[in-house]
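Participant: Using the sequences and the hints given, assemble the complete structure.
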Amino acid sequence: MSRRNPMRDEIAIVGLGSTDFSRDSGGTSAAGLAAEACINAIRDSGIDKSEIDGVVGALEPGAPRANEMSTILGLKDITHHSSPMPVAVFGLVDAMTAIFSGQCDTVLLYFAFTRAPWNSRSAAKDPFRSYLGGMMGGGLKAPPMPESIDPSAAYTAWAARYIHEYDVPREDFGRVALNMRANAARNPKAAMKAPLTMEGYLQARMIRDPLCMLDMDIPVDGADAFILTTTEKAKKLTPNPVVVHAATAGMVGSNTEDQLPSLARHGQHVVVEALKDRSDVWTDDIDVFFPYDGFSIITLGWIENMGFAKPGGAGRFMQEHWDDDLGCVMIDGRVPMNPHGGSLSEGASRGTGHLREAVTQLRREAGDRQVHEASTALIGCGGFFFNSQGAVLKRL
Amino acid sequence: MSEVVDDAALVARFPWVQINHDSKHHFRGWLDKQLLINRCDDCSKFHHPPKPICPECWSSNLTPTAVSGSGTVHLAMHLHQGAPAPGVDYAKGAHPVVSVDLDDVPGVRFSSTVIDLPVEEVVIGLPVKLDWVERYGSPFPVFRKRATAGGES
Ligand SMILES: [Zn+2]
Numbered sequence: 001m002s003r004r005n006p007m008r009d010e011i012a013i014v015g016l017g018s019t020d021f022s023r024d025s026g027g028t029s030a031a032g033l034a035a036e037a038c039i040n041a042i043r044d045s046g047i048d049k050s051e052i053d054g055v056v057g058a059l060e061p062g063a064p065r066a067n068e069m070s071t072i073l074g075l076k077d078i079t080h081h082s083s084p085m086p087v088a089v090f091g092l093v094d095a096m097t098a099i100f101s102g103q104c105d106t107v108l109l110y111f112a113f114t115r116a117p118w119n120s121r122s123a124a125k126d127p128f129r130s131y132l133g134g135m136m137g138g139g140l141k142a143p144p145m146p147e148s149i150d151p152s153a154a155y156t157a158w159a160a161r162y163i164h165e166y167d168v169p170r171e172d173f174g175r176v177a178l179n180m181r182a183n184a185a186r187n188p189k190a191a192m193k194a195p196l197t198m199e200g201y202l203q204a205r206m207i208r209d210p211l212c213m214l215d216m217d218i219p220v221d222g223a224d225a226f227i228l229t230t231t232e233k234a235k236k237l238t239p240n241p242v243v244v245h246a247a248t249a250g251m252v253g254s255n256t257e258d259q260l261p262s263l264a265r266h267g268q269h270v271v272v273e274a275l276k277d278r279s280d281v282w283t284d285d286i287d288v289f290f291p292y293d294g295f296s297i298i299t300l301g302w303i304e305n306m307g308f309a310k311p312g313g314a315g316r317f318m319q320e321h322w323d324d325d326l327g328c329v330m331i332d333g334r335v336p337m338n339p340h341g342g343s344l345s346e347g348a349s350r351g352t353g354h355l356r357e358a359v360t361q362l363r364r365e366a367g368d369r370q371v372h373e374a375s376t377a378l379i380g381c382g383g384f385f386f387n388s389q390g391a392v393l394k395r396l
Numbered sequence: 397m398s399e400v401v402d403d404a405a406l407v408a409r410f411p412w413v414q415i416n417h418d419s420k421h422h423f424r425g426w427l428d429k430q431l432l433i434n435r436c437d438d439c440s441k442f443h444h445p446p447k448p449i450c451p452e453c454w455s456s457n458l459t460p461t462a463v464s465g466s467g468t469v470h471l472a473m474h475l476h477q478g479a480p481a482p483g484v485d486y487a488k489g490a491h492p493v494v495s496v497d498l499d500d501v502p503g504v505r506f507s508s509t510v511i512d513l514p515v516e517e518v519v520i521g522l523p524v525k526l527d528w529v530e531r532y533g534s535p536f537p538v539f540r541k542r543a544t545a546g547g548e549s
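Line by line, the protein sequences are chains A and B.
According to this note's numbering, the first sequence holds residues 1 to 396 in order.
According to this note's numbering, the second sequence holds residues 397 to 549 in order.
Possibly wrong hints are sitting among the right ones.
To be verified - Estimated spans, in silico, between C-beta atoms of each pair:
{"id": "1", "chain 1": "B", "residue 1": "414", "chain 2": "A", "residue 2": "233", "range": "43 to 51 Å"}
{"id": "2", "chain 1": "A", "residue 1": "285", "chain 2": "B", "residue 2": "411", "range": "53 to 61 Å"}
{"id": "3", "chain 1": "A", "residue 1": "6", "chain 2": "B", "residue 2": "445", "range": "32 to 40 Å"}
Claimed, not checked - Incomplete in silico selection of chain B near chain A, CB under 7 Å:
{"id": "4", "residue": "407"}
{"id": "5", "residue": "409"}
{"id": "6", "residue": "412"}
{"id": "7", "residue": "415"}
{"id": "8", "residue": "476"}
{"id": "9", "residue": "478"}
{"id": "10", "residue": "493"}
Hints listed in this document are in silico derivations from the structure and should not be mistaken for laboratory results.
Using N, Cα and C, we set each Cβ at its ideal position, and we do this for glycine too.
Facilitator: Below, the structure is given as structure tokens:
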């Protein structure tokens with residue numbers, strides 16, 4: 001630790017609320033899902049809704065904005081509200097800084113996800129989702145080109161580069177998918193629980209070669225919500241609050257998807273350096289590890305860039321730390337990786353599932369998948385380009 | 397040879413991309429079948445996609461400069477599904493998409509597809525050159541395999 005980090009351990013996450021994550025939420029709107037998660041989080045925190053004076057709602061397509069959410073929940077006067085970019089730690093950092101700087105004392109932080117019409121047949125049949133086409137297409141009069149290197153396509157392109165540079169087999173990517181699926185089976189909330197074998201992975205439908213459908217997160221309807229406040233206030237609610245020890249986002253200047261300098265220098269590297277410089281604990285000290293898995297290549301990147309393995313060595317690392325009985329990674333026989341099943345199998349919650357499970361584990365409320373006496377969690381959230389983020393959470 | 401179109405006509409010619417004052421020269425180049433990459437008049441550095449200033453020295457003196465488009469594939473993927481486009485039929489076979497390191501523009505890549513080559517041959521390291529096809533009635537830049545010294549055509 002070599003950098004200033006005045007927020008260290010000063011902000012606590014005292015409330016958790018979520019919906020199930022499903023491939024079809026039926027008649028529930030994104031706002032309805034968000035409301036369910038928010039109410040659950042507020043009730044879980046034990047804080048009265050009148051005490052919430054900050055509202056932070058991620059800018060997810062179709063999700064209610066912070067002002068709409070305040071109205072839906074009938075909140076009182078709000079002195080900080082914002083709609084940060086998606087992927088969980090942007091919202092987390094915004095809520096933390098608002099509290100730490102005195103803009104407000106207690107923040108409701110929420111994320112709601114709604115499948116777009118092209119994500120599934122049932123979503124395509126829902127006329128109330130048709131507006132998402134215009135929103136996500138940026139208002140274009142014609143569909144974008146197949147050659148557009150948008151972030152989702154770009155992860156495939158860089159996955160191809162990874163295979164080219166390190167000469168690794170597809171099985172390395174498959175291990176990421178297998179780990180998440182085995183863990184999801186222990187998570188009642190997860191959308192995908194059917195057992196998965198390496199054979200099944202290798203035979204799965206190719207979407208963008210070299211990535212198949214099991215390398216890509218599973219679109220779901222659902223919502224997650226969190227209540228944050230000062231650690232001082234949290235200690236009046238619980239003797240062992242979960243606090244944010246360090247949190248940061250990072251990117252390189254040249255972060256356009258197809259112009260990224262190389263696999264050796266991107267957002268994850270910036271985040272890892274920034275986080276390490278602000279944290280008292282690192283990979284040897286953690287009890288549970290959360291590498292983001294919106295695409296399997298992102299997970300390989302986090303494993304290597306966090307320092308668990310050399311570049312190109314994430315597959316071998318997972319193999320060496322594989323628990324055959326559990327069917328998943330247990331680093332040094334002790335530390336699981338995304339025990340909730342991650343975005344690949346719990347559902348595409350853009351890192352909020354990782355954050356929720358980290359808090360759940362540190363509260364020691366994870367049931368069958370509880371890590372023994374979990375006290376510290378390391379989260380690597382987002383990908384390579386402009387949404388890389390990280391956080392270290394601690395149980396006080 | 398230059399096809400003169402006003403801004404409204406330019407936008408109408410490319411309804412599937414968002415064109416702005418920074419990128420309008422690049423897309424006017426497409427109409428002339430020229431690949432224009434912004435070059436800084438003050439520090440000579442290239443950048444892409446087009447920006448309002450040179451990221452290197454902050455100069456606003458930028459010249460969209462025609463480049464050969466020859467290069468080497470740096471990123472490659474084969475789409476088994478994706479956005480629709482004329483002439484792209486995913487049912488008939490995967491559609492290759494590449495990002496190419498441009499020979500005469502160090503540090504800049506340009507992304508498109510590769511035509512007239514079996515998809516399995518579209519791999520990282522492939523030498524390519526620029527060509528133009530028609531898409532939605534407007535020129536569209538693509539790559540095709542380039543013969544290298546001593547290599548086959
Ligand atoms: Zn310059």
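Participant: If a hint holds in the structure, say so; if it doesn't, say that too.
Facilitator: Results of checking the hints against the structure:
no.	hint	in the structure
1	414(B) with 233(A): 43 to 51 Å	holds, 46 Å
2	285(A) with 411(B): 53 to 61 Å	holds, 54 Å
3	6(A) with 445(B): 32 to 40 Å	holds, 38 Å
4	407	violated, 9 Å
5	409	violated, 11 Å
6	412	holds, 4 Å
7	415	violated, 11 Å
8	476	holds, 5 Å
9	478	holds, 4 Å
10	493	holds, 5 Å
Against the hints set out earlier in the document, violations occur for numbers 4, 5, 7.
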